Amino acid sequence: MKIQEADAKSLLVAQGLPVPAWAVAHTATEARAAAERFLGEGAEKVVIKAQVLVGGRGKAGGVKLAGSADEAERVAQAILDLEIKGIPVRKVLVGPAADIAKEYYLSAVLDRASRRIILMGSAEGGVEIEQVAAERPEAIVTLPTDPLLGLLPFQAREMAFRLGLGAHLKDAVAIATGLVRTMQAYDADLVEINPLAIVREAGADGAVTQRLQCLDAKVNLDDSALYRHPSLEALRDPDEEDPADREAREAGLTFIKLDGTIGCMVNGAGLAMTTMDLVKRAGGEPANFLDIGGGARADKVAAAMRLILADTKVNAILVNIFGGITRGDEVARGLIEARAQQARDVPMVVRIVGTNAAEADVLLREAQFHTADTLDDAAAQAVAASKAAVA
Amino acid sequence: MSILIDRSSRVVVHGLTGREGSFHGQAMLEYGTQVVAGMTPGKGGQTALDGRVPVFDTVADAVRETGADTSCIFVPAAGAPDAVMEAAAAGIKTIFCITEGIPALDMIPVVEKVRAAGARLIGPNCPGATSPGRSKVGIIPGSIHREGRVGVVSRSGTLTYEAVQAMTDAGIGQSTCVGIGGDPVIGTTFLDVLQLFAADPETEAIVLIGEIGGAAEETAAAWAAEHLRDVPKAAFIAGRTAPEGKRMGHAGAIISGGAGTAASKVEALEAAGFRVAGSPTELPQLLRDAGFRG
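From first to last, the protein sequence lines are chains X and P. Each residue of the first sequence is one higher than the one before, counting from 1 in my numbering. Each residue of the second sequence is one higher than the one before, counting from 1001 in my numbering.
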């Protein structure tokens, strides 16, 4: 589960990491009030950042500075009017603009290949790390943490020295340790600070000091672990969750909406992807990924059918079930029930093999469903039905 | 021969008295697997599967009383990491964890503990393995198999069944079929299984079924290019049409930052001499094309 920057920052603060103050505004007026407060507290400028769960906010014009409350209101409104990668901006983060001396990158990430948490850092922060990795891989420092003990203090020190943060050793070690601690505390698979920055701060006496601050934060949570962090479920952003995704999640289905016209209902994730691929290969476009899971019963099948048909672009449906734990006749009953209830009639091709496939076949024939024997054949038939619906 | 399991494997099923455990325990027994013990804390002394299998409170008891050497874990996600570590501590050498939905970070120390104990973990979130005609451990339907000489390794469940069924229908049998699981942190990788197949005299050809996410297929391909040069090899990769940044059902099936794409895996496999199928149904023909005569 992805969470918004402001929520990610709250998690870092809860783990004792240094994050500058911020406020979340849903309207330009709220943004103005927040800007007034930060400017009144001595900030020369404020930064206003779109809160959306996609990357590339800066390039899309979703991150801007403002030097006055008026300007903040104007800039906030402009950002709130944006759509970034198809997602309307519904809120912005407002904070004092930092006086940045140098930017770094630091993250804790679950590394599948080494099966460990790795700490990744770079003295080239503030830009996309994928770009640094592609152009100058030697600029990235990677340290595998201990599988049993996590990040060891000497590793945190090594990271600090290799990034050239020796002058800020204590803070850098605390931040690196805190990143891994944040990851473990909330079961994240990524905790990323980009940029981590040396920031100049003027004290009350006018003397300028420098210290490390986490200026941005990105945290991805492991969906499988949410059951033991009930409070984190509240960070799921309802604004950015498609209603269909929510219905699927609540029905225990895995559903991902795509752009095509052929609705797919499959048991098993690998087979569901394969079914999409074969639809494409047969010249069609899949409308969705939908895994009804193992042992899916009739009510689940009916819920899956509702989800597929809610997409008005869908003009053909392909059902592909390889019964293992799932019993083919259960799925067939669910399909018959779902068809009796469904609002619109869409051509459907059903292929059920494996456990209780013979019983399923009898049921489907009686109910006059269109059936197919092989996966390739089923895909070809679904594509033909979709094309016929358009013609 | 075969890999991981054979006629001599003595299996303890964790959660044998539960719904899933009893259903699949029964199916394993019917297939001919030596299911020698069940393990459910608090039910030690009882029997399961119509009195045919004794149940123990601990894995250590099961090992001592029955000589179990293989675990099959059906316990819920919250308890599964502990179940794996209990099996390893009790001296079980081959541990299949079928459970799905285990938090990924939980598996990091578990994989290390299993390694330190000198055991092998397959999964989690995997369908298990079958050595046709000898033994099956997990949830793969026994009916799809045929005895033979092709080693099959896959990250999926039902997709594997699809591919295996296609092979069986075409008269191509399997030495062992292994599902390694769709999670980001798993005990046994594609590379590990290829190494086992390479050492198995009865495995004469290999089918690898991968999917988007991570780079385990690429790593395995690089090894195969060097060590399995003369072995007929075919592969299938699911997720050519998967969008970036979305988890496609399996926790590990995600393209992120342009890495883990189907295209990258297909390219690596083809470069290593695998014939890559556009559909699982093409795998039997591709094996024949690659020179497999079994």
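For the record, the hints were derived by calculation from the structure and aren't laboratory data. A quick note: this is a predicted structure, and the numbers were derived from the prediction, not measured. Take these hints with a grain of salt, some might be off.
[Said to hold, decoys possible] Okay, derived cross-link-like pairs now, EDC-like style, lysine to aspartate or glutamate, Cα gap no bigger than 16 Å in a straight line:
1. P:Lys1246 with X:Asp146
2. P:Lys1246 with X:Asp245
3. P:Lys1246 with X:Asp223
4. P:Lys1093 with X:Asp223
5. P:Lys1246 with X:Glu240
6. X:Lys2 with P:Glu1244
7. P:Lys1113 with X:Asp146
8. X:Lys257 with X:Glu233
[Stated by the list, open to error] Here are the computed distance ranges between Cβ atoms for each label pair:
9. X:Glu130 with P:Gln1285: 49 to 55 Å
10. X:Arg246 with P:Gln1285: 40 to 46 Å
11. P:Gly1042 with X:Leu82: 56 to 62 Å
12. X:Thr209 with P:Gly1258: 28 to 34 Å
13. X:Ala123 with P:Pro1041: 31 to 37 Å
14. X:Gly58 with P:Ser1143: 52 to 58 Å
15. X:Glu130 with P:Glu1270: 43 to 49 Å
16. P:Gly1042 with X:Asp345: 52 to 58 Å
17. X:Gly283 with P:Thr1058: 27 to 33 Å
18. X:Gly283 with P:Lys1043: 51 to 57 Å
19. X:Lys170 with P:Pro1041: 44 to 50 Å
20. X:Thr374 with P:Gly1273: 50 to 56 Å
21. P:Gly1258 with X:Ala123: 58 to 64 Å
22. X:Ile100 with P:Gly1273: 37 to 43 Å
[Unchecked claim] The following residues of chain X were derived to be distant from chain P, with all beta-carbon distances above 12 Å:
23. Lys2
24. Ala14
25. Ala28
26. Leu39
27. Val54
28. Arg116
29. Pro153
30. Ala174
31. Gly206
32. Glu233
33. Gly268
34. Pro286
35. Gly293
36. Ala310
37. Asn315
38. Asp345
We put the beta carbon where it would ideally sit given N, CA and C, even for glycine.
- Query: Are Glu130 of chain X and Glu1270 of chain P spaced within 43 to 49 Å by their CB atoms?
  - Reply: violated, 25 Å
- Does the Cβ distance between Gly1042 of chain P and Leu82 of chain X fall inside 56 to 62 Å? holds, 58 Å
Would the least Cβ to Cβ distance between Ala28 of chain X and chain P come out above 12 Å?
Holds: least Cβ distance 30 Å, greater than 12 Å.
> Are the Cα positions of Lys1246 of chain P and Asp146 of chain X separated by 16 Å at most?
Replying inline: Between Lys1246 of chain P and Asp146 of chain X the Cα gap is close to 29 Å, so the pair fails against 16 Å, i.e. violated.
CB of Thr209 of chain X to CB of Gly1258 of chain P, is that within 28 to 34 Å?
violated, 40 Å
Just want to verify: Glu233 of chain X was marked as not at the interface with chain P; is every Cβ pair farther apart than 12 Å? holds, 14 Å
Quiz item: Would you say the C-beta atoms of Ile100 of chain X and Gly1273 of chain P sit inside 37 to 43 Å of each other?
Solution: At 51 Å between Cβs, range violated.
Taking the closest pair, is the beta carbon of Asn315 of chain X still more than 12 Å from chain P?
-> About 18 Å separates Asn315 of chain X from the closest Cβ of chain P, which puts it past 12 Å; holds.
### Task
Determine whether the Cβ-Cβ distance between Thr374 of chain X and Gly1273 of chain P falls within the hinted range of 50 to 56 Å.
violated, 28 Å
Checklist entry - Hey, Lys1093 of chain P versus Asp223 of chain X, does the alpha-carbon distance stay inside 16 Å? => result Since the Cα atoms of Lys1093 of chain P and Asp223 of chain X sit roughly 31 Å apart, the hinted pair is violated (cutoff 16 Å).
Kindly confirm whether 51 to 57 Å is satisfied by the beta carbon distance between Gly283 of chain X and Lys1043 of chain P.
-> holds, 55 Å
Worksheet item: Taking the beta carbons of Gly58 of chain X and Ser1143 of chain P, is their distance inside 52 to 58 Å?
Response: Roughly 56 Å apart at Cβ, these two residues keep to the hinted range, so it holds.
Violation of the numbered hints given earlier is confined to hints 1, 4, 8, 9, 12, 13, 15, 17, 20, 21, 22, 23, 27, 28, 33, 34 and 35; the remaining hints are satisfied by the structure.
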